[in-house]
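S.K.: Residue-level listing of the chains:
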Amino acid sequence: MSQIDSAITTANPIYKPPPAWRTTLGMLWRDKFAFAAACILLVVIFCAIFGPMLFEDVATRQNLRGRNAPPFDLSRGWLFILGGDQLGRPLLARIIVASQNTMAVAAGAVACSLLIGTGLGLIAGYTTKTASQVIMRLADVIMSFPSLLLAVIVLYVLEPSVGNLVIVLAITRIPIYLRTSRAEVLEVRERMFVQAAQVMGASTKRIVARHILPVVAPTLITIATLDFAFVMLAESSLSFLGIGIQPPEITWGLMVSQGRPYLTSAWWLSFWPGLAIILTTLSLNLLSGWMRTALDPSQRWRLEVNKEKAKND
Amino acid sequence: MTDHLLEVRNLSVDFDTVRGPVHAVRDVSWHLDRGECLAILGESGSGKSVSASAIMNLIDCPPGRIVSGEILFEGRDLLRASNEERRRLNGKRIAMIFQDPLSHLNPVYTVGAQIAEIMTAHGTAKAQARARTLELMNRVGIPEADDKIDAYPHQFSGGQRQRLMIAMALAMKPDILIADEPTTALDVTVQAQILALLEELQAETGMGLLLITHDLGVVAEIADRVVVMNGGRIVETGDAEQVYHNPTHPYTQKLIGAVPGTGEMATPLTATKPLLEVRNFGKDFGGFAALDQASFELFAGETVAIVGESGSGKSTLAKCLLRLIEPTTGEALYDGRDLVTMGDRDLYRMRRDIQMVFQDPTQSLNPRMTVGQIIGEAFAIHPDILAKDKRPARIRELLERVGLEADHIHRHPHQFSGGQRQRIAIARALALEPKILVCDEAVSALDVSIQAQVIALLEEIQNDLGLSYLFIAHDLPLVRDFAHRVIVMKDGRIVEQGPVRQIFDAPHEEYTRNLLASSLHPDPKVQAERRAARQEVTA
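Sequence order for the protein chains is A and B.
Using the numbering used here, count along the first sequence one by one with no gaps and you end on 313.
Using the numbering used here, count along the second sequence one by one with no gaps and you end on 852.
Keep in mind that the hints were calculated from the coordinates and are not lab data.
Since the structure is predicted, the reported quantities are computational estimates derived from the model, not experimental observations.
All the pointers check out, no bait thrown in.
Rough simulated footprint, nothing fancy, chain A against chain B, three-plus residues with beta-carbon under 8 Å:
hint : stretch
1    : 691 to 705
2    : 735 to 745
Under the rule of at most 25 Å between Cα atoms (straight-line distance), these lysine to any residue pairs were calculated in the SDA-like manner:
hint : chain 1 : residue 1 : chain 2 : residue 2
3    : A       : K205      : B       : Y661
4    : A       : K129      : B       : G600
5    : A       : K205      : B       : V653
6    : B       : K701      : A       : R206
7    : A       : K129      : B       : I638
8    : B       : K748      : B       : L699
9    : A       : K205      : B       : P696
10   : A       : K205      : B       : I638
11   : A       : K205      : B       : E746
12   : A       : K129      : B       : T641
13   : B       : K703      : B       : H723
The beta-carbon is built from N, C-alpha and C at its ideal position, and this holds for glycine as well.
So here's chain A without its partners, still in its complex pose:
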């Protein structure tokens, strides 16, 4: 370790770039929207991890006198600031508790489909024609089969649980990443820097990991953040059909669909969990947009120029 350190210091006697985390944080601070988005996501992650521990009891305690209690009324305590649901449980606490299941399903499904889809897409795009054909036809099969029907069949056979829900949703979303990454790979592999690496004798593994994946990744990450909202809503429709998450377990999507009969009389039942879904996806989207710029060396100056402007102000 010390040997490497000394090599680096002797190599950079004149100019040393500042540590990576500081430049990253600086760039995040310069894009105020992305910074706000990052804060919201931190809150959501905090709720998802610690929420059930703190509010489990409050969120499940029924109070029939507080049925459909209107929001912004502090007479029942601060937990009722967002109102109460059809069984008089405080909405705020329920949203916080529900964030764990929601995030587990959405993040799990998106991450699984992103990883598997990208991996298969890279294989389909960069290896033999046969492999590509097999993978693409499999993707076609999944695409042509109605995803909700697939989910119904699978969850009818298997026990409805968070894990199984993740598997089902991940499978139905794989083709999106697969097709996108394959299409991008087919384009990027013809670029000259890939050929230059080939001429130097780089292995396939190296070319894919160093030259193709970094170019393809931003597009896929953007799709993944958009897909986050879709997965949350798909999960809620499965829950609505009775094969997803079952009460007393809760998710944001389930809360939205449970509030639907009361839309005309108590809008807040669906509105607040809906807002939570929107805020989370929007934040992810803003953050992925920022990341796209920050990761691209030729675009990064946009986040660095503001720094000088801010200094001048």
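With the hints as your guide, set chain B onto chain A.
M.R.: Frame of chain A; chain B shown alone:
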């Protein structure tokens, strides 16, 4: 003063960017008369296209901003005219053709419809417009125009597309034709034809021709007067011949000095044992022979140039040699072993000895890696070259070797100019300490003066390290000063090969003679003689 057809007076244009305004052109004045050809000569970033864009109302405002000046067309100031008024002039009185005819023709309409559209847009009846389209297509030399009028742009060759663009520009018999790098994307023989056509049409119609170019040869061929631009300013203006022979401004002198094709030719080396021996190379793409029976030798420390027009198979040859594509037939003996049948392990070792520099450095360097990572990748792939702790120092040394600064190691490729990027690509190739460097159009994308610098660097490296170059180019004058031997290719076959003197002074083949006659010399006098010679060849 107002008797000029078009006059630009004290034009200044700024572009607002996040990093403050960029002065694209400053205080530029020139004029164009009827029946005259004025060339605006400059390298990339010199602002040569900006004044033409201002005439055509093509500057996007914002970010563009016309700070001062006037553009007088028949005494009227275009900059003060309404958009509607200018739209009526554009296409009708002032027409423009562009560098890349493919991107300026709409792929989903037939060419006939696109040419006729110019006329119907200015109020000509449909049937009449079609008749005139046919006439124009015949005039610009499209064979079988009757059939081709309903064909789509992709069915034409690059030269024919440029002819169609010219037909489109001439549809309304304009008084001024602006040609922005009209032949840059074309082969030399096609370039000569297009320039001849432009000249003929100008003589016929008496229009003023404004030619924007970076190529002194084009100026020598066609221009009466020339305006030389550098850094947004006019540095010199005058009669084309006089500017070439008596340049007063240092920049013009430098530009003329950098033009290849005027120096001493090299004598071939007297080595006996070839380093690389290619025999009967061939490559079929589904029955189409892109490369056919190519055989040649490369000696140590020698530069062999492969010259040919697009589609001649010169790049296919390079790719086959480096096994980027597999040749269908033939063998390539390097060090007594065949590169073509070599297994993966041997191929990996061979990569160290044969390296490549690509045409476009913007694309051949990974935009997401730093310069240090790009050059360092050579060591990461071949770890046995150098111990890990010595690599950063070696990368710095290589950067300095190719004329960059050692501290550039942390920068990304987009922070460099085209010429500097090509230097990085050369440094990357040198990191592997190769014996042979294949340069595929390595300087074609660069400005003339930068081209000369990169060639000088390559020569220097060759002298120091004894490298052999396989130098692929389409530009004959460039090769003349640099190569020891020249191979001329056409349609996948080697037409002629020999020492550089023989190829240039006493070519055996008709095609080589034609290629030499078509390439443009920067001296207007020499060019006039060449034109006469060419007319004899073609007659």
